[in-house]
Amino acid sequence: MHFSELIKSLQTGNAELEDYQVCNDPELSSGASLEKAHSNQLTFLEVGNQLVSKLSKTQAGAILIPPREELIKQAKKINLPWAVLKNPRLGFAESLGYLHPKIKISGQIHPTAVLGDNVILGKDVYLGANVCIGDNCEIRANSIIHPGVMIYDNVLIEKECELHANCVIHAFSIINKKCIINSNAVIGSEGFGFVPTKNGWYKMPQTGIVVLEEEVEIGTGTTIDRPSVGETRIGQGTKIDNLVQIGHGVITGKDCAIAAQVGIAGGAQLGNGVILAGQVGVGNRVKIGDHVIASSKSGINSDIAPNQVVSGFPAIPNKLWLRCSASFKKLPEITKAIRELNRLTSN
Amino acid sequence: MHFSELIKSLQTGNAELEDYQVCNDPELSSGASLEKAHSNQLTFLEVGNQLVSKLSKTQAGAILIPPREELIKQAKKINLPWAVLKNPRLGFAESLGYLHPKIKISGQIHPTAVLGDNVILGKDVYLGANVCIGDNCEIRANSIIHPGVMIYDNVLIEKECELHANCVIHAFSIINKKCIINSNAVIGSEGFGFVPTKNGWYKMPQTGIVVLEEEVEIGTGTTIDRPSVGETRIGQGTKIDNLVQIGHGVITGKDCAIAAQVGIAGGAQLGNGVILAGQVGVGNRVKIGDHVIASSKSGINSDIAPNQVVSGFPAIPNKLWLRCSASFKKLPEITKAIRELNRLTSN
Amino acid sequence: MHFSELIKSLQTGNAELEDYQVCNDPELSSGASLEKAHSNQLTFLEVGNQLVSKLSKTQAGAILIPPREELIKQAKKINLPWAVLKNPRLGFAESLGYLHPKIKISGQIHPTAVLGDNVILGKDVYLGANVCIGDNCEIRANSIIHPGVMIYDNVLIEKECELHANCVIHAFSIINKKCIINSNAVIGSEGFGFVPTKNGWYKMPQTGIVVLEEEVEIGTGTTIDRPSVGETRIGQGTKIDNLVQIGHGVITGKDCAIAAQVGIAGGAQLGNGVILAGQVGVGNRVKIGDHVIASSKSGINSDIAPNQVVSGFPAIPNKLWLRCSASFKKLPEITKAIRELNRLTSN
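Residue numbers (the numbering used here), protein chains in the order written: chain G, 2 to 348; chain L, 2 to 348; chain Z, 2 to 348.
Derived from the structure by calculation, the hints contain no laboratory data. Glycine is no exception: its CB is placed at the ideal position from the N, C-alpha and C atoms. All clues stand as given, with none of them false.
Chain G is faced by these chain L residues, among others (derived, beta-carbon under 10 Å):
1. LYS37
2. THR44
3. PHE93
4. LEU97
5. LEU100
6. LYS103
7. ALA166
8. ALA278
9. PHE314
10. THR336
11. THR346
Here are the computed distance ranges between Cβ atoms for each label pair:
12. L:LYS288 with Z:ASP20: 32 to 38 Å
13. G:GLY117 with Z:GLU47: 54 to 60 Å
14. G:ASN200 with L:MET2: 21 to 27 Å
15. G:GLY117 with Z:LYS9: 56 to 62 Å
16. L:GLY123 with Z:GLU71: 51 to 57 Å
17. L:GLU36 with G:LYS9: 51 to 57 Å
18. G:ARG340 with L:PRO307: 34 to 40 Å
19. L:ASP118 with G:ASP136: 28 to 34 Å
20. G:ASP136 with Z:GLY108: 36 to 42 Å
Whenever a hint applies, use it, and build me the whole structure from the sequences.
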């Protein structure tokens, strides 16, 4: 794809193209980082990006940059084709989409796919090899089910979903439009509920369901449990990374981002736009307000008001945690100082 | 199911029914929480439950309550059918079982199942689509093997087990009666054992096995490694949640409960009734006594005597940890106070 | 295998056999720990091993020991066949290999395996039941692909690899010679990359690839993401345990050892010989120098110079962390002491 064609496409996107110069209008085949890009590759820079100083040495074929005069100047100096966008990262994401258009897989039911009774398949549904679908399931138009996916009975998969190899969807789960479920993720498995008795743990039946709203993305190996009653619900546009555990009855708002290895215990509730960094833990029934950000490894054991940034375990305001962590390193000194003060004052 | 029928069933259970009133004897189809229940749903309350105040507003069809006069009075006031049980949570668990009786799947061997040589299948064993079973395996009566389960050679699955879709059982594993293994769990994979040499890591062969005793439950995506020699053993009635790592040679006692994302390193030993909350880590060869409770994110690097409640990393007694954590937040103040004291005393 | 035969084999190994006595030259069938070994089992001891005192009571058939006079004396006293090796653990690993020779599985393509177009299979490749291989893949000589493995298009699996049941390899991944990928691991899944916009998270296409260099081992359920551009690369001889998350664009050096449940965020770089203990977290783009060791649960948010041992979160030098952790337990006392000092000095 020539840079000039890419420019045309970016004009229809949301990254707000402001200016550009195609120079020799290179043929571009893929994207790359500034240091590693070859002459047939597109790269990009953001404001504040550490790589600005390396711009003059890049071998890239073309670059997307933010509206900064010095960057335009540098690009011109080395005859590097450039485009200025208000959001160059978004422009780069859109460009990768243009450079690597998704090959449409559709309309094929592999002969090894196993379908239960009363399965309804929409138009152009793709079922890969060895897919197994239980009774009374419906998979709507244009959804792609990769090889080895196992779907239990009474599941609804809405339009334009993509389920990757070997993921498992348990009975009665509802997967709304445009969801992506990555390999080996498990949706709708039994919640971990047991009643202590004299004779050991008595299993609480898990009769609820899991609902993924539209455009939810579930990471590789992530597990989302169904509850004993009611539902576990992942809000529209929420993105969940790999190896995350979502307990029974958890409800998340819209557009949350949950990084790898986070664990959310049963009954917890997240507002809209909550961001949980890697390895965060959220306790049973905790409520987290809209737009809260929890930094990595935080442990959240009590409710958090909206718009807070929290850290540590138990989680406290991030700024306080940073100061406490800095003091933590001085604990041996502190202990020594107190010993000395005690000596002085006891004299 | 009418409430009166449910009452009859509860009389044969272990939740200790003491009294009840069926009123209009509603038809119940499922369970729900107090706030969300409809007129065809059963709900329950426990002593100390925050929802007591909401009892007067519930739309539930019937309720299970603990022996408390004020609750009975409130239920009567709104003509809500009620039953008093010493253990209403257990009664609710039993009730969900009655309302949602397990559909018996049995006696069917799907034509796509692949069986190795010398496989012995007990009476009424169910094998789902695409199940693969290696040579010399035995699966005893009434066990249910869901689609896509992979069983290596020489595995024994005892009676009445249920293995969910896409879980994997490695060679020589022994799964005793009434175990449940959830989707994508892996039993008997190789322990992580390497000997450092001048030429890098030399693989220690993992020649041991994994044994699950009776009524063990293994969570979705959980991994239980086999050791280099000897066995990894999960004690009777122990319940393990999702995404847990059990290292090679770990031994657990009976009736332990291990929450999601816990990691137990090689050779660690747990006593009976140990409870590990989410994201806990247990170090190599650590011994944890009977009935120890470790709160979430604890890191246990040395032996713990029986009946302790521990927290933090390194784990310390829970009560001490709570006080230390409270002080942690004051570290900036502490540092400042010491600076001030030093100034005063140096005058 | 008789002990004398084992001795002959050890003479060709790397554990540096120095001396031995075969006594009654027992027939050995497997290995075991010192306390549990029977008369047909081999065991071993290391310098510093706590079990030295139990040597006199062992029922083992033979023992591998380090060059220590008192151990030889004890073995002789109880007529226990022994061998002295400089590295008895390595000798034990080699011995287990001799006692349990790998059964060669090869040359068999199970009739249920599903092959895409233009798949090239090398000599003696084994494909288990229900393996699915996409278009344009190549699997080179002597590789073993266990049942249920799913391989997307354009994947290269080099010679002598072993892929365990139900693991998934995404498109364009490159798996070099002698790699082992354990059950349910996923290689080359999409990195977690989204651009925040007014309309929610916009997906950054993940157009890069994952490369495993030679002799890499990937644990059960571990996930290794591909990046938006460029590659994620695991260095030669690196061993990764179960349920580890490797983010998009991570690069590791040679011979690293990464324990269970570690999470490494996008763009992080590890040098050679780095050891990360269980549940460690490494932040975005962090650089960790050669031979760094991070103890369990560490959180590494900034670059670490080579040869450091670090602990805690944020990670600090291990020795300092040990002292700080010891002081942490005294925080209530410290707070009290300061209150007292304030009282004294304000008088």
